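Please take these sequences and the hints and turn them into a complete structure.
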Amino acid sequence: MIKTLLAQIRQYKTAAILAPVFTVFEVLMEVLIPFVTASIIDEGIEAGNIHQVYFYGGIMLLMALLSLVFGVLAGRNAARASSGLACNLRESIYEKVQTFSFSNIDKFSTAGLVTRMTTDVTNVQNSTQMILRVAVRAPVMLICSMVMCFFISARLSAIFLVAIVILAAALLFIMVKTTKIFNEVFRKYDDLNASVQENVSAIRVVKAFVREDYENNKFTRAAQTLYSLFVKAEGNLALNNPVMMLVVYGCILAISWFGAWFIVAGDLTTGNLTSLFSYVMNVLMSLMMLSMVFVMITMSAASARRIVEVLNEVPDMSDPDQPETQVQDGSIDFDHVTFSYKHGSGEKTLRDIDLHIKSGETIGIIGGTGCGKSSLVSLVSRLYDVDEGSVRVGGKDVRCYDMEALRDQVAVVLQKNVLFSGTILDNLRWGREDATLEECAEACRLACADEFIQRFPDRYDTWIEQGGSNVSGGQKQRLCIARALLKKPKVLILDDSTSAVDTATDAKIRQAFAQKIPGTTKLIVAERISSVQDADRILVMDNGRVNGFDTHEALLKTNKIYREIYEAQTQGGGDFDQPAQTEKEGV
Amino acid sequence: MKKQKKETMDLRQQLAAMKRVLGYMLRDYKFSFFMVVVCILGSALATLRGTLFMQSLIDDYIVPLTQAQTPDFSSLAAALASVAVTYGIGILCAYGYNRIMVNVSQGTMRNLRIQLFRHMESLPIRYFDTHAHGDIMSIYTNDVDTLRQLMSQSIPQLINSAVTILTSFVSMLVLDVPLTLLTLVMIGVMAFATSKIAAKSSVYFAKQQKDLGIVNGYIEEMMGGQKVVKVFCHEEKSLEQFRRLNEELRESADKANTFSNITMPVNMNLGNISYVLCAVVGAVFALNGYLGLTLRTLVSFLTLNKNSTQPVSQISQQMNSIVMAMAGAQRIFDLMDETPEEDKGYVQLVNVQEQADGTLQETDQRTNVWAWKHPHKADGSVTYTKLEGDITFHDVDFGYEEGKIVLHNIKLYATPGQKIAFVGSTGAGKTTITNLINRFYDIADGKIRYDGININKIKKADLRRSLGMVLQDTHLFTGTVMENIRYGRLDASDEECIAAAKLANADGFIRRLPDGYQTVLTGNGSNLSQGQRQLLAIARAAVADPPVLILDEATSSIDTRTETIVQAGMDALMTGRTTFVIAHRLSTVKNSDCIMVLEQGRIIERGTHDQLIEEKGRYYQLYTGNAIGG
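Going down the list, the protein sequences come from chains L and G. Per the working numbering, residue 1 is the first one in the first sequence, and the count goes up by one each step. Per the working numbering, residue 1 is the first one in the second sequence, and the count goes up by one each step.
Do not rely on the hints blindly, as some may be mistaken.
Covered stretches of chain L (chain G as the covering partner; in silico rule of three or more C-beta atoms under 8 Å from a C-beta of chain G) [claimed, not checked]: (1) 68 to 77; (2) 89 to 97.
Computed footprint of chain G on chain L; a stretch qualifies when at least three of its residues, placed anywhere within it, have a C-beta under 8 Å from a C-beta of chain G [as the list claims (entries may be wrong)]: (3) 200 to 206; (4) 247 to 255; (5) 318 to 324; (6) 399 to 408.
Derived from the structure by calculation, the hints contain no laboratory data. Since we're looking at a predicted model, the values are computed, not measured. The beta carbon of each residue, even a glycine, is placed where N, CA and C say it ideally should be.
Spelled out as structure tokens, the structure:
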């Protein structure tokens, strides 16, 4: 894990090395300064020698300046290294995600990927900075101070050893105890925030049922629980400071006492004693810092692990060695295809599908939720790989094609589709970068999108908000269809892509397809029977299997499921939403 | 609709926010806070006494010992013992304030959270419709959290530093005035340097926050659309744009962190320089006997000088986090300062018993007969009107923003038990009308009457209790299925909840869940299908058993079989109730007593299905449009 992260430092390696090096120098200066202050007092002031005061004062001034320079350089490099690492990490994750297949994305979920690139990276950045500066500073400080102490008086320094052991044990005990409670605290904290989230999004329900007081009480109880846990955890931490003081003061008293004996015996000078006091403080401060670093590292370790998970994920789809770049025609064949989202889980989403579709045919696909309609069409553009059997487009297995070439020829309008922030034209040109305005307008006319775009004040330059939140569901779907059409694909797949479009417009789009792009194979997945009934053939899916595959008339006679759906819908399943003539105007 | 947040706050605003934060702390924890200050003072004094003792240790105890013939350590032992006691008190004080501070800061945070939540619950729907939910959430997650850190870390440290500086200064003043002035000048230089660095770094920190927001926004958008990116083979382009934004963020983060990193060394070494200056000037004074400065005083003074500059650099370290926390505090207070929903209603909903003579008698028992209790201010009398579910709109105008009317001249009559369907395109105003009945929004002109009473006179809570609501987006809460159904009526028994589930056609699927009615739902019921969630929402409304229902039919595609089950559940719920339904399904419309066709905020046609077909107007168009190809 550490290795993967370290590799990401790349061009900021120098900074990452320089930061601790400068920190070491800075610390050395800091350690030496008390030595000089002792000299100022002992040899200068106490001795009444003003020249010594000037001399040592000059040295100390020089050291302070050096320490300043080193400190600034260390800070500069630590900042550069940590923000550089964060930048590299974000980029690497982003790059990695681009190579992910659909099933890789499903595994992490969108929210999971976003958290990893935002919160987790920030955590790692902060702790890197911390480690580069403090984690180097503390041990160096500790060792240097110890050396100085032993240099002054080895026997007196033995007192430290005892103190350090006591302090380390006490701090460790507190930390271990507290970390456990903190884990609990953060879980409860997440719960509390989740309940706020629920209240914000469901505020209409809360208000409609007049449940404000009920929610308030629930929240109050949760906040109280959180409070108790926090108090318990931080109450433990409150011991840190007093424990440290206890040890420090103990040391000072002990050193005073034994130091006095040593001085009387002539083993120690008074100036030495003063310096010892400074170093005691340094040693114990470093221990304190180390315990902080320890907490910091454990907290960011979880984030680091989650980042490495993404970086180490192997994309489960790759281009073949000698890929085909041309798709001959729009014919599609399923040869005994079996498919599951989790390979080898036994839960087959599709079972033994055997279908043969000719180039230029229009195929309707219908069936209940979870019957495998979407899964079936997603195999055609190789969004997922089959478990058994094969899917062929233009006569060749989809796994033989260069992925980009295949997806350019097989255009999918996904069920959960999105528009991106940008103008309508920007969005359309996702389909083909160099499409002219006229080509875009032509695609929009086919998708019945031109009519409402023309009514926007800025027409094709209308700005689309993130996720297309400023256009209606039906408008969004039509823009998505136009975007796919711009690819001029050999196969066009509409995965429930007109569900929010009113039936009249839906019919107009299908008519336009039949007239303007007759050569394109069209697969239309729908819930509405009116969307598929005039297709050349209709595929009825049930529980991952083909239940029927024939024309509308034939299926009405022979297929029970199809007849059921037909009857249910024609007896009152129409949709009154969003008629074409009164689309929501403007932005 | 996203509100543009203020990028920076001026000093006055920051101080005002700080004052308010401290106000919250002091309000409930005056005594504890006082104790904290006392303890900090005690601990600082103990530290000071210790420091001063160490100075005298050598001169007053050790040096005499070295000169004595037979060293007597007893006076040293006594002195050390007395210092040990002082230290002991200091340690106790330190524990005291650390521990009390935990209670104060966490308690304040708890109270603040609760108050924030309560206030949010009291806000009108308008607030939630005009503020991005992500922004509201970030107040709880980010802003409250930075404030927590401020309270539990920065504030105690600030107090501690301030007290240390104060005590050191008082002692320094006692020791020597000119040198104190010199020290003060150096501290002035430190403060100046800090403020210069802080000013620079706060500019870069603001830039960093902005860039971080942009990068995070981009990540969210592109990760959300990653599958589309794949389908369109757009990986390279999306990466290219990301690299640019990412590099910009790196640069601003680099600068911001550099400046905050160098604050500490700059201050520490300015402190060292201050020490040298004092030592040299002091030595010159002392050796020449100016101003009566003795060498011993000088040595003590130098220790104090070192002690006083440390807290200054500690304070400067805290500056950035204080500025950030204040920006967060400001957003918290902005929410707390939003005006809550107003309720001037005084007509209440009460349980009544019908007497033999037909009059209504108020009772505390649950009789399932309800009446509006209407006190009349003029003569002090009280009248009871039976709750029937008769709703009328008289020339109602409404706009979400003042001066922008979206509903014009709405007239509507629904007698008890009638079913009214609204039909029309998105944005025609269907949902808006239903929002007016339960007063999520208030009308601009006209009148809405409920059983003959102007709804403005009815207490909002009572009005809403009498109206059931099933929304298109089903929202469920974390908890068991049973708890979610009981949300409709908190005192409903298990049997009543199950009966409601049966009525709503939900009983069947609930029993098939792993733990039946005790199955725990999480994340808005993400473990259920869309149709199942709708069934639960229907059951929830059914258990409330309201005389009036507002239904928003789902447009989302659920498959035909589930659709039929949901439809049956809805139909069962509607029986015998006045129902307003935003209709998407032909069957619903056909069964309605009256259909309102809305277009651009006006009712353009009304009547039954047959009448409207006869008229051959807009409804006919919709109906036949629907039939194209069929």
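Results for each hint:
1. 68 to 77: holds (count 7)
2. 89 to 97: holds (count 5)
3. 200 to 206: Result for this restraint: holds, n = 7.
4. 247 to 255: holds (count 3)
5. 318 to 324: violated (count 0)
6. 399 to 408: Holds, because 4 residues of the stretch 399 to 408 of chain L bring their Cβ atoms closer than 8 Å to Cβ atoms of chain G.
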